[in-house]
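Given chain D's structure and the hints, the job is docking chain H onto it.
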Amino acid sequence: MVPGSLIHKDSLMVIKKSKQAVRSFLFIFGVLLLSSCAGGKPTLYQWERYQTHLYEYFVGEGIGPEDQIHRLEEDLQKIEAHGKIPPPGYHAHLGLLYSQAGKNDQFVAQLLSEKKNYPESSAYIDFLLKNRTNVK
Amino acid sequence: MRKIGLTASFLLVIVILFTGCAAHTPYDYFEYKQSRPASILVLPPVNESPDVKATYSLLSQISYPLAESGYYVFPVTLVDETFRQNGLNTPSDIHGVSYQKLREIFGANAALYVTITKYGTKYNILSSATIVSANAKLIDLKTEKLLWQGSATASSEEGNNQSGGLVGALVSAIVKQIASHVFDQSHQIAGITSQRLFSAGLPNGILYGQRSPRYGQD
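Keeping their order, the protein sequence lines are chains D and H.
Going by my numbering, the first sequence opens with residue 5, and the numbers climb by one from there.
Going by my numbering, the second sequence opens with residue 1340, and the numbers climb by one from there.
Bound conformation, chain H alone:
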């Protein structure tokens, strides 16, 4: 009887372990692989944070990870200007433009819709943290299908509790190092959020684009 109880509890532990693994179901890349976009039109991010600088802080740092992942990224400043010339001045107005219209004007394969949910520093008595969080959707402008969606966060206080071990400590050191550079800290943290959200080769991240030597290998 005791033996059965033991076996049962072992079984239970194993089942729990496995379900723990299964929680990280791999992302379904079916539509993405059908579409394989070569060019991405990055729209100015919608900003839900109180800081008005958030939209352009993040927008100016999305080209690097996407282009390094192998995509043609449309020139974000000129694209923004084109929208303005056509009377579209806010990100939410721009996000409302039809897929067909975007495809006509830009000839882009896909458009990236980004929303910033957190941007800025929260000052507490014991510690303050600068956090930037964002989520994104990649839409095929021809089939109008959702190809990928994801979210990412970066914080100035990462690794401070040492839970990340050596790697965590190193990331934290690098974050601190660049954070003390020219622009304000939120802008630097936004750069890390962008790297995490828009770099290929990360779990559940975007796939490599056609200009990358790793295209088609993921």
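Isolated chain D, as found in the complex:
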């Protein structure tokens, strides 16, 4: 064995190692890129499944208001556990479900939560509370 070939073998190892490093770097870079695209951006609100709940309300067959209320309350607990307020419309949607389940006191309570979190809704909430019998 000539010393030359030994050095050659070593340098081959170095090249192999650096190739691995490049590969793992690329992998990490790719993951970072993907995670930044997939919603790593901080959001104003904690949404949970709010929009899924809305879609289920509109088209969902066989999911009664009680089940929908259960899911929304479950998500609400997660949001409140983080000390956050739910996105605009969340309490109002929950209130609508309560009114459809015949729970009028809960309907009113949820509407007042919406108004408290979002004063922009005041006129509409007041209209709804005044015309309570109209919303079923």
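There could be a bad hint or two in this list.
Derived contacts from chain D toward chain H, CB cut-off under 8 Å, selection only [unchecked claim]: (1) 49; (2) 59; (3) 89; (4) 91; (5) 92; (6) 97; (7) 128; (8) 131.
Straight line, CA to CA, 30 Å or less: simulated DSS-like cross-link-like pairs of lysine-lysine [said to hold, decoys possible]: (9) 1372(H) with 107(D); (10) 45(D) with 1372(H); (11) 1440(H) with 120(D); (12) 1481(H) with 119(D); (13) 1481(H) with 120(D); (14) 119(D) with 1461(H).
No lab work stands behind these hints: they were computed from the structure.
Remember, it's a predicted structure, so these values are computed and weren't measured experimentally.
Note that the Cβ used here is the ideal one computed from N, Cα and C, for glycine as well.
Chain H only, in chain D's frame:
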């Protein structure tokens, strides 16, 4: 003589280049900035596609981009119910309600009128694509002025021809990934159309609303 010809053709190229740039004239936000609405009433979208699910598929996905852009978005389900209680059952009936009446009932600063022009999958021999396209108008309910209008499209086949490069490929991968999730593909694509149409900070898009930390910076 040859030199002049060369200079002239250079000039021509530059002029063409510049007109190419000028085609993207920035949107005129004068009325928008005068109005600066804080709250947006999203009306159920009028559906011009054959798929009856389109209206509520898109309606249920508009709250996110608008609220994240800093607006108060009225609860879309309760608003829909309010219209029904008042005998307005179709989006086109609802779009016909006077601005004044909308302002009286909802107290909204602005209303968003959306029309869905494409929603669904076209099956071809070689490839099929799910496409959702929509356009929208934002109207100040007090001054009755048009504040903004725009349109957007999303397709399941985006980036497949690699023209979008790395970003295109990534978008395509994400689209494919979410497309295979719970609901049907059109609904997922509608979500992307909605993000493109109703997110602030995009070219010619809506401006940031008062609840966004970026309000007033655009």
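Each hint, compared with the structure:
1. 49: This hint holds: residue 49(D) lies near chain H, its Cβ roughly 6 Å from the closest one there, short of 8 Å.
2. 59: holds (4 Å)
3. 89: Violated, about 11 Å.
4. 91: holds (5 Å)
5. 92: Nearest chain H Cβ about 5 Å off; hint holds.
6. 97: holds (5 Å)
7. 128: holds (5 Å)
8. 131: With a minimum Cβ separation of about 6 Å from chain H (threshold 8 Å), the hint on residue 131(D) holds.
9. 1372(H) with 107(D): violated (43 Å)
10. 45(D) with 1372(H): At roughly 26 Å apart (the allowed maximum being 30 Å), residue 1372(H) and residue 45(D) satisfy the hint.
11. 1440(H) with 120(D): At roughly 24 Å apart (the allowed maximum being 30 Å), residue 120(D) and residue 1440(H) satisfy the hint.
12. 1481(H) with 119(D): holds (22 Å)
13. 1481(H) with 120(D): Given that 30 Å is the threshold and the Cα spacing comes to 24 Å, the pair holds.
14. 119(D) with 1461(H): violated (44 Å)
Hint violations for this structure: numbers 3, 9, 14, all remaining hints satisfied.
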